[in-house]
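Number of protein chains: 2
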Amino acid sequence: MEKRSIGPGTLLGPLPVVLVGSYGEVERHGTTSVIQNPMTAAWTGIVNSTPPMVSVSIRPERLSHRFIMETGEFTLNIASSSQAADVDFCGVKSGRDLDKAKACHLTPLKLSTLSVTAGYKECPVILACRVHEVKKLGSHDMFIGKIVDVLADDALFAKDQLDLTKADLLTYYHGDYYGQSRRIGFFGYSVAKTNVLKRRLPKEFWPEAR
Amino acid sequence: MEKRSIGPGTLLGPLPVVLVGSYGEVERHGTTSVIQNPMTAAWTGIVNSTPPMVSVSIRPERLSHRFIMETGEFTLNIASSSQAADVDFCGVKSGRDLDKAKACHLTPLKLSTLSVTAGYKECPVILACRVHEVKKLGSHDMFIGKIVDVLADDALFAKDQLDLTKADLLTYYHGDYYGQSRRIGFFGYSVAKTNVLKRRLPKEFWPEAR
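So the sequence lines, in the order shown, correspond to chains C and Y. Quick note on the numbering used here: the first sequence kicks off at 6 and runs consecutively. Quick note on the numbering used here: the second sequence kicks off at 6 and runs consecutively.
No wet-lab data here; the hints were simulated from the structure. Do not rely on the hints blindly, as some may be mistaken.
Subject to a maximum C-alpha distance of 30 Å in a straight line, what follows is the list of computed DSS-like cross-link-like pairs (lysine-lysine) [stated by the list, open to error]:
1) Y:203 with C:107
2) C:126 with C:151
3) Y:8 with C:171
4) Y:151 with C:151
Sequences are here, hints too, so could you generate the full structure?
This is the structure in structure tokens:
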């Protein structure tokens, strides 16, 4: 476990990968259109529990930055592993050049909690967010958003309990995408009683008693 | 892909799970000691690329909150799946009651870039951070930190290239811990040339041409 210093860098992970949904007007090849624009981001995270808040950092030169500044709202569409190539595509291409939602067969879904910005039907979980504050940090501006609603696929519910393991969520770090692997514990399992462990976790993952 | 609204909530994921390292004085059972204190957090994320910055949100009532306010520095110690039970333990227990580092056999590692706060040797990656700003958001305060150094296990390097897949990093969402799974793509792979795909990715993960 000898360590090597590699200097300052953004090496935190695994990170969630989301399609940031935003809405606005764009001019392409001389024609003006109003679009729903998905942009990939991994510089995102939960920043507060009560009220539920999220941050997503976006470069000012991005089209999505202007769209979110104009509307004051955005969606975070969490992606499944099966969507990895679409997610990658929406990270390397710009809505200034093509309709990314169309190219990736992403279907905009109108949300009752936002005024104009859609989520994407194909993503298993959608967070509807309203901008609380924008902070300039350097290369990126951090949008702090209040989560005003969460939508999840009907198929992810079993007896009204949300089971996210079915969603096979995508993660990202250090330039690579990863699928999601097996559940190995639950919050509090290191100190849980045996009968609770027995009910909730395969024996191979039981922690040693402390 | 019909969606169900479940109202506002913190349902973003998978999230990285880190041991937040902080340093300070604590009184336990009438005795004052100076300790390195690991606290588990998943409300963390990258918020800026240049300069590299991170955020981690901590409740004001937490011991780590006071420690970080006093020293202006913290470490984020990224955990492997094999450390899941320790990580869970450091999330449910408080440094006010016991020495969590000792209980979990975590070895503090002195860092040249911070004045008093240690990293933990057993974690594959350590981010050394100095507080840039603290933002009150409600239940949590968000610490925005400049990443002043990153340290990674020697064993994770192959020909001076960092290979994080070897670290089997831990993730967390919706109350459960998960291990890391197979790499399924790299940034830009949706538009990469065949010879690049051939070199960098097993054929089963090649995206369809667009």
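We went through each hint and held it up to the structure:
1. Y:203 with C:107: 28 Å, holds
2. C:126 with C:151: 21 Å, holds
3. Y:8 with C:171: The given pair, whose Cα atoms are some 15 Å apart, holds under the 30 Å limit.
4. Y:151 with C:151: 24 Å, holds
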